[in-house]
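Visitor: Place chain H on chain A using the hints.
Chains as they are written, first to last, in numbering that gives the first Met the number 0: chain A, 0 to 461; chain H, 0 to 99.
If you're looking for bench data, these hints aren't it; they were derived computationally from the structure.
These numbers were taken from a predicted model, which means no experiment stands behind them.
Treat the hints with care, since some could be wrong.
[Unchecked claim] Calculated pairs, DSS-like style, for lysine-lysine (alpha carbon to alpha carbon, straight line, at most 25 Å):
(1) A:K300 - H:K94
(2) H:K93 - A:K300
(3) A:K327 - A:K300
[Unchecked claim] Only part of the chain A face toward chain H is listed, based on derived beta-carbon distances under 8 Å:
(4) L73
(5) M77
(6) A237
Glycine included, each C-beta is placed from N, C-alpha and C at the ideal position.
Listed below, chain by chain, are the residues.
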Amino acid sequence: MIESWLPLVYLFSAAGFILAIKWMNSPATARRGVIVGEIGMLLAVVGTLLRADVINYQWILVAFFLGSAIGVPLAYLMPMTAVPQRTAISHAFGALAAALIGTAEYYKDMPQTPHGFTMGALIAETLLGFLTCTASLMAFGKLQEILPTRPITYKGQNIVNLSVLAIAIGIGVALVISPEQSWLFPIFIALSLIFGVALIVPIGGADMPTVIALLNSYAGLSACAMGFVLSNRLLVIAGALDGSSGFVLSIIMCRAMNRSFTNVLFGAFGQIQVSAAAATQKSVRSASPEEAAAILDSSSKVIIVPGYGMAVAQAQHKVRELFDALTKRGIDVQFAIHPVAGRMPGHMNVLLAEADVPYDKLSEMDDINGDFPAADVALVIGANDTVNPGAKHDKGSPIAGMPILDAYRARTVMIIKRSMNPGFAGIDNELYYMDNALMLFGDAKAFVASIVKELGTNSDGH
Amino acid sequence: MTFDLEFGLYVFMLAAFLGFELIRRVSPLLHTPLMSLTNAISAIAVVGAIILTGSQKPNVLSLPLVLGFIAVLASTINVVSGYLITDRMLKMFKKRGDRK
Numbered sequence: 000m001i002e003s004w005l006p007l008v009y010l011f012s013a014a015g016f017i018l019a020i021k022w023m024n025s026p027a028t029a030r031r032g033v034i035v036g037e038i039g040m041l042l043a044v045v046g047t048l049l050r051a052d053v054i055n056y057q058w059i060l061v062a063f064f065l066g067s068a069i070g071v072p073l074a075y076l077m078p079m080t081a082v083p084q085r086t087a088i089s090h091a092f093g094a095l096a097a098a099l100i101g102t103a104e105y106y107k108d109m110p111q112t113p114h115g116f117t118m119g120a121l122i123a124e125t126l127l128g129f130l131t132c133t134a135s136l137m138a139f140g141k142l143q144e145i146l147p148t149r150p151i152t153y154k155g156q157n158i159v160n161l162s163v164l165a166i167a168i169g170i171g172v173a174l175v176i177s178p179e180q181s182w183l184f185p186i187f188i189a190l191s192l193i194f195g196v197a198l199i200v201p202i203g204g205a206d207m208p209t210v211i212a213l214l215n216s217y218a219g220l221s222a223c224a225m226g227f228v229l230s231n232r233l234l235v236i237a238g239a240l241d242g243s244s245g246f247v248l249s250i251i252m253c254r255a256m257n258r259s260f261t262n263v264l265f266g267a268f269g270q271i272q273v274s275a276a277a278a279t280q281k282s283v284r285s286a287s288p289e290e291a292a293a294i295l296d297s298s299s300k301v302i303i304v305p306g307y308g309m310a311v312a313q314a315q316h317k318v319r320e321l322f323d324a325l326t327k328r329g330i331d332v333q334f335a336i337h338p339v340a341g342r343m344p345g346h347m348n349v350l351l352a353e354a355d356v357p358y359d360k361l362s363e364m365d366d367i368n369g370d371f372p373a374a375d376v377a378l379v380i381g382a383n384d385t386v387n388p389g390a391k392h393d394k395g396s397p398i399a400g401m402p403i404l405d406a407y408r409a410r411t412v413m414i415i416k417r418s419m420n421p422g423f424a425g426i427d428n429e430l431y432y433m434d435n436a437l438m439l440f441g442d443a444k445a446f447v448a449s450i451v452k453e454l455g456t457n458s459d460g461h
Numbered sequence: 000m001t002f003d004l005e006f007g008l009y010v011f012m013l014a015a016f017l018g019f020e021l022i023r024r025v026s027p028l029l030h031t032p033l034m035s036l037t038n039a040i041s042a043i044a045v046v047g048a049i050i051l052t053g054s055q056k057p058n059v060l061s062l063p064l065v066l067g068f069i070a071v072l073a074s075t076i077n078v079v080s081g082y083l084i085t086d087r088m089l090k091m092f093k094k095r096g097d098r099k
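So that you can see chain A by itself, here it is in the shape it has in the complex (with noise of 0.2 Å):
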């Protein structure tokens, strides 16, 4: 009976998942959104759960108690910082499940193998998801900085990743012409777990995002693969739906940094440049707390660009106290956010967010670009690479012809940095020597306190 209504609980559990990422296009609905997208994944469950060819329970009912168990303090306790490893991480698990349904799919029925299309699916799954779960979890280990943030690069790694691929991909050829020489497919296992390790070793923190998205959109077509092995359309849609949103991601990521995706996964961003890092010593000028908040005082448009150091230092409580401070004294205060800032798409929106600052004083690029020359201060926290002048006319810069923001054109640029050690990519900043700049040195979070307190303490004589 219930068999046959099946499908119409996929139907409609499919069209929750498209009003879902529908409504994610603005606050103010988005949160609707996510009500209508745990509907559909209520129904999927219950509407699997009732099929006839399910017919155990006990192993299934452990592993929900277990994951939930396990989900919710993972999405509570977690902060806010932390969100680029916890995307990171489950991809990871979203990658295995569909990694390991694979491997069990092809050994279910041994000595019967599935053939044909359906194995080619299977061999895309399989791959996709082992890769990415590897990969996922190497990215992980990079962003939690137990491993080397650092990309590791040696020579002739592109030649190494890339056969490892094609070999991968060979014997998954193999395997699906004949799908019964069963004694390949562990070799084939370990060569996509092998190569999504690969791939995120040449990988730096400042390409993080572009990566995670990319991620995403693999651990989403691993997802959709499986719908064609097991004829299930709503994992097709979905998995598409997944596959689609990691893949637009990662290329507005790639926009955003005038660089290929190829170049990104190859190129090893932030290696090549470290030598010359040291080569000039030029001079800078440096100011107390208490100039940088006389300049600010005395300003009427301040354009704050936060970027990744704001949230190491997790300043962004502090921000967030500092923009209440000049708001209060008529001040218009504008955050500029450029796209790549972060570890992953709209990290410093969401930190932001988190400390309060209202979502219509976060701006994008394009729309603040214009208001910097009219600026009487642009503040720095944490960014470095977004805000290089030398992107725009240094041809031989590794990050050349990739959009800026333009902070350099306000009156006066004041730069929070720890030091004059050069960024997460390893490229000299020509910003810190322009004479309109004023580097603020010291930790973000507390720079930004002892500016706070200096408003506070000299608001009366204003």
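Guide: This is chain H only, laid out in the frame that chain A set:
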């Protein structure tokens, strides 16, 4: 309902194009919650995991049962934490007037 391969490929193509169009319209402001939402949605793999695990003999510790169990577990973690953290993030996005 039978699964026609050609039909399945059409479904895939249309869903992929729909995905492109929908995601392009999402404001960069919400890219992080969008990612955790699509991640929760891709945990739809739980459907495959349930079918696999539920169709095995529960008392025999077979390879499909063990792999299926791990798959249900991993996708449940993603479903639960994915939706909850997305909602937690979205709750934080407030306009100027909304602040207490």
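Visitor: May I ask which of the numbered hints given earlier this structure violates, with the numbers listed in increasing order?
Guide: none
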